[in-house]
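Chain by chain, the residues run as shown.
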Amino acid sequence: MCRLVAITSKDYISPMENIIALETMKEGHDGSGMGLIMKNLGGEFEEMKGYPILSGICSRDGIHDLDEYMDKLGFQLRYTWTPTIRLTRGVERRDYYFARVYDYPDEYKDRPFEEKEDLLLRTRIALRRMGEEDESIIVFSFYPDVITLKEVGDPLQLSEFFGLDKSSLKAKIIFAQGRQNTNYAINLYACHPFFIQGYGSMTNGENTAFVPIREFLMSRGFPGYIGYNSDSEVFTHILHYICKILGYPLTYYKDIITPLKTSEIDGRPDSEVVRLLKVTLRPLCIDGPNCVIGFTPDGTCFMVQDSKKLRPGVVGGVKGKYGLMSEECGLDSAIPHRDRGLDIFPMKYDMVIVRPEAEEVVLWNQLQG
Amino acid sequence: MEPATRLDHNHELTLKDFPYIIRWRDDRCKRCGRCTAVCPMFSIEPSVIVRRIVHSEAPIPEPKAVRQVISVVKQSTDINRYCTGCGTCTLVCPNEAIEPEYNPQHKFLFHKNRGGYPYRRGGRRNDPRLSTLDRLKFTRISMLTDPALDAGRHEFRIRTYLGRILPAEELPLKFVNGKLEVDKTSGKFIPPVREIYPVMIGSMSVGALSPTMWEGLAMGVTYLNEVEGMPVVMCSGEGGMPQRLLKSRFIKYFIPQIASGYFGWDEIVRTIPHMVEDPCAIEIKYGQGAKPGDGGLLMAHKVLKLIAEIRGVPMGVDLPSPPTHQTKYSIEESVAKMIQSMYMAWGFRVPVYPKISGTRTARAVLNNLVRNPYAAALSIDGEDGGTGAAYNVSMDKMGHPIASNIRECYLDLVRQGKQNELPLIAAGGVGKTGNLAANAAALFMLGASAVAIGKYIMQAAAGCFGDEYNRCNICNIGKCPRGITTQDPKLYRRLDPDKVAERVVEVFKAVDVELKKIFAPMGRSTELPIGMSDGISADDPAIAERLQISYAC
Chain A
147 MCRLVAITSK
157 DYISPMENII
167 ALETMKEGHD
177 GSGMGLIMKN
187 LGGEFEEMKG
197 YPILSGICSR
207 DGIHDLDEYM
217 DKLGFQLRYT
227 WTPTIRLTRG
237 VERRDYYFAR
247 VYDYPDEYKD
257 RPFEEKEDLL
267 LRTRIALRRM
277 GEEDESIIVF
287 SFYPDVITLK
297 EVGDPLQLSE
307 FFGLDKSSLK
317 AKIIFAQGRQ
327 NTNYAINLYA
337 CHPFFIQGYG
347 SMTNGENTAF
357 VPIREFLMSR
367 GFPGYIGYNS
377 DSEVFTHILH
387 YICKILGYPL
397 TYYKDIITPL
407 KTSEIDGRPD
417 SEVVRLLKVT
427 LRPLCIDGPN
437 CVIGFTPDGT
447 CFMVQDSKKL
457 RPGVVGGVKG
467 KYGLMSEECG
477 LDSAIPHRDR
487 GLDIFPMKYD
497 MVIVRPEAEE
507 VVLWNQLQG
Chain B
17 MEPATRLDHN
27 HELTLKDFPY
37 IIRWRDDRCK
47 RCGRCTAVCP
57 MFSIEPSVIV
67 RRIVHSEAPI
77 PEPKAVRQVI
87 SVVKQSTDIN
97 RYCTGCGTCT
107 LVCPNEAIEP
117 EYNPQHKFLF
127 HKNRGGYPYR
137 RGGRRNDPRL
147 STLDRLKFTR
157 ISMLTDPALD
167 AGRHEFRIRT
177 YLGRILPAEE
187 LPLKFVNGKL
197 EVDKTSGKFI
207 PPVREIYPVM
217 IGSMSVGALS
227 PTMWEGLAMG
237 VTYLNEVEGM
247 PVVMCSGEGG
257 MPQRLLKSRF
267 IKYFIPQIAS
277 GYFGWDEIVR
287 TIPHMVEDPC
297 AIEIKYGQGA
307 KPGDGGLLMA
317 HKVLKLIAEI
327 RGVPMGVDLP
337 SPPTHQTKYS
347 IEESVAKMIQ
357 SMYMAWGFRV
367 PVYPKISGTR
377 TARAVLNNLV
387 RNPYAAALSI
397 DGEDGGTGAA
407 YNVSMDKMGH
417 PIASNIRECY
427 LDLVRQGKQN
437 ELPLIAAGGV
447 GKTGNLAANA
457 AALFMLGASA
467 VAIGKYIMQA
477 AAGCFGDEYN
487 RCNICNIGKC
497 PRGITTQDPK
507 LYRRLDPDKV
517 AERVVEVFKA
527 VDVELKKIFA
537 PMGRSTELPI
547 GMSDGISADD
557 PAIAERLQIS
567 YAC
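Going down the list, the sequences are from chains A and B. Using my numbering, read the first sequence as starting at 147 and increasing by one per residue. Using my numbering, read the second sequence as starting at 17 and increasing by one per residue.
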């Protein structure tokens, strides 16, 4: 089972906090990968919040193809961040790791953000397809104020490899996953957290309803619903579909992935809507043992459990800094000076929501709505 | 001169030509006559023969040849009185002296067309081979990386939906104070959707079934709903329903069927103003898996008083339903007129769906229904379905197996992104070999939202003798030895409706446990695993390829 560490803070923090927290859960991940998403970036990226950042890995040939393609589209490279690689045992180095800040093509500069988002998504997918066969181009995200790093290896070793301990890379929301590879081949695209158009999530557990959910998402006609090297990628796409495509408030994510029984719905003030959604979005019901931790574009973070609460998960912290983690030892590592009595272990009906800037924690109960 | 054929019986059939040969034991038979009295086909009769035996009564052997006239039970070689193998004789014999034995070398079909009339019968396709459904197994078992669920301890919701489901993009919702509300001012029609148990009892009419059988099924279904909390529903079949049921609150557990003969619908329509509840749904029958493209027929001798009243016809006349709905000349007509008029009859509160027989053209039908916002589901009845009366050739040689038909329809819906909008109901051979839960679960994973059963429940609840070796299968002549498909009071009184109802309840409770035993190790419990095709494998590569599932050996 993968181990998950998400920290949301009003101040910029280093990803090392997440990695050290992951290290406390080391027995739970096998070094088959680590994923890191940083959102609301600080350091050198603080001044470039409006510009999209392309995160990925390229071979020598791949970076050439990538440059050519981006030039052709009219993206102008403004800044490039590359990690200071320190060769580390157990980590196989690839040619070129990067987070590149681009300026939009001229014809897009004054367009609404939705159109820019659409362009970014299409560009990312095109790049992914260009390099998919020979792994010459691997791109994880292309979005403003978000950087994604993924590689195969142990999280602590990877932090050394990427030089994160010495890096100035900082962010207010950082999601990290230590991967325990289970049923799919080791593939960087299978590594959590997953990201699409401002929405991100990571999960532990198996998604037993993966195939019907994948078929449902892929048949929505939205170009971004592809990939699915991991059965957990659908959790991110469901979030995106519910909140962005359909425009529903975040709490309905819980109602849709773990629908209430018909008799339980009667107690909800919005029972009519919940009943309709349960029927209409039946294929999006998750059924496996899963704890999902995610974020939305405004910086809200949340944790939900499957309908039987079969996976661990805890949320705790102090005002201005909260951790959402798969195990409490990680929370003890990241935020030791908190009142442990206030830690929240969400149960099957709960959705824990941490407001942007880690302002407050809300425990939303599905039965009462 | 007398022809030799009269003397040597050359134009008669031999017992070896018959599918079942009666094995009668002289030494065990006490000549009570029960077997000959109950035989529905008069295949056996009491007879006398002269026998020469060697006999000795003295203290030392003094053998003498003696001629004896003795009574025996004799099997007829008249093709019209063939033994169906039903075994009622065995059932009533107090001394285990008689039983029919299957004769695999029989030549029955060569001869069962006397008078130029093809062989007609009831029952099912005479094909004892394993169906595709029985060649599928559940291979995605949750092990270690994801804990399997506990069928006994965890909560399972084995439910499905019957009704047209709006896509999320079309739901009339609006924001009010950060919450969603249904926008009542939008004028958008939200079709009715029922939450039901995913195993339904398929369409079998009052008329095809005896009053005791139908009543037993109806009582069982009502008990399951009212007492066990299992929303099992049952379709009426063509021919209406008893007025008392139509006007009761229990009508919500039933699906009245309208078919091409429209039998019983005058009575139903007249009852609508007096109904206190809406029916679960309305099924429009366009086809039947057992006899695709062929109409129905309730023979005159089944049309007794009760049936005549329910169907609104005179007693004692043949009731043929045409192969197609005569007033409809195209699917557009069928969909536009038939479905919408039925919706209108109940104020758009009752889902209306068509039932077709399995066919290679099912996808064409499906795509027409997808474009109609009122079609509430599509029921597809595969070739292994049963019937009360049909031509043997229709039953044995016409039709399409349900597995690939459902799969290709489901995948077609997936390609259009409408897999949750139009539920597919699969029927025809579900539980053919007794594996009801496994067959049903396999069909869900291939894409069905629900399954319907007929023969299975007749066998399990009332002990129907029929099988794929043409045993019994005389539902058409009103002489059902179990009293299931007859209108003869002497026969249907054999069947106790309370016992049928009890068995219906037992069957569904057992199926529920078995479904949990399948779903739990696969990690599914909250919603029915519709389309979870990674969960099943076929034991044959060609089947796996056709169904787009994995092959396991």
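Because the hints were derived from the structure by calculation, they are not lab data. Since we're looking at a predicted model, the values are computed, not measured. Idealized CB from N, CA, C, for every residue including glycine. Where hints are given, some of them may not hold.
Here are the in silico distance ranges between beta carbons for each label pair [claimed, not checked]:
hint, chain 1, residue 1, chain 2, residue 2, range
1, A, Arg501, B, Asp556, 53 to 59 Å
2, A, Gly466, B, Pro183, 55 to 61 Å
3, B, Asp556, A, Asp280, 34 to 40 Å
4, B, Glu197, A, Glu505, 40 to 46 Å
5, B, Met159, A, Gly196, 24 to 30 Å
6, A, Asn511, B, Ser202, 28 to 34 Å
Results of checking the hints against the structure:
1. A:Arg501 <-> B:Asp556: 53 to 59 Å: 56 Å, holds
2. A:Gly466 <-> B:Pro183: 55 to 61 Å: Given about 42 Å between the Cβ atoms, the range is violated.
3. B:Asp556 <-> A:Asp280: 34 to 40 Å: Holds, since Asp556 (chain B) and Asp280 (chain A) (Cβ atoms, about 36 Å apart) stay within the stated range.
4. B:Glu197 <-> A:Glu505: 40 to 46 Å: 27 Å, violated
5. B:Met159 <-> A:Gly196: 24 to 30 Å: 49 Å, violated
6. A:Asn511 <-> B:Ser202: 28 to 34 Å: Since Asn511 (chain A) and Ser202 (chain B) have Cβ atoms about 30 Å apart, the given range 28 to 34 Å holds.
Hints 2, 4 and 5, counting from the list given before, are not met by this structure.
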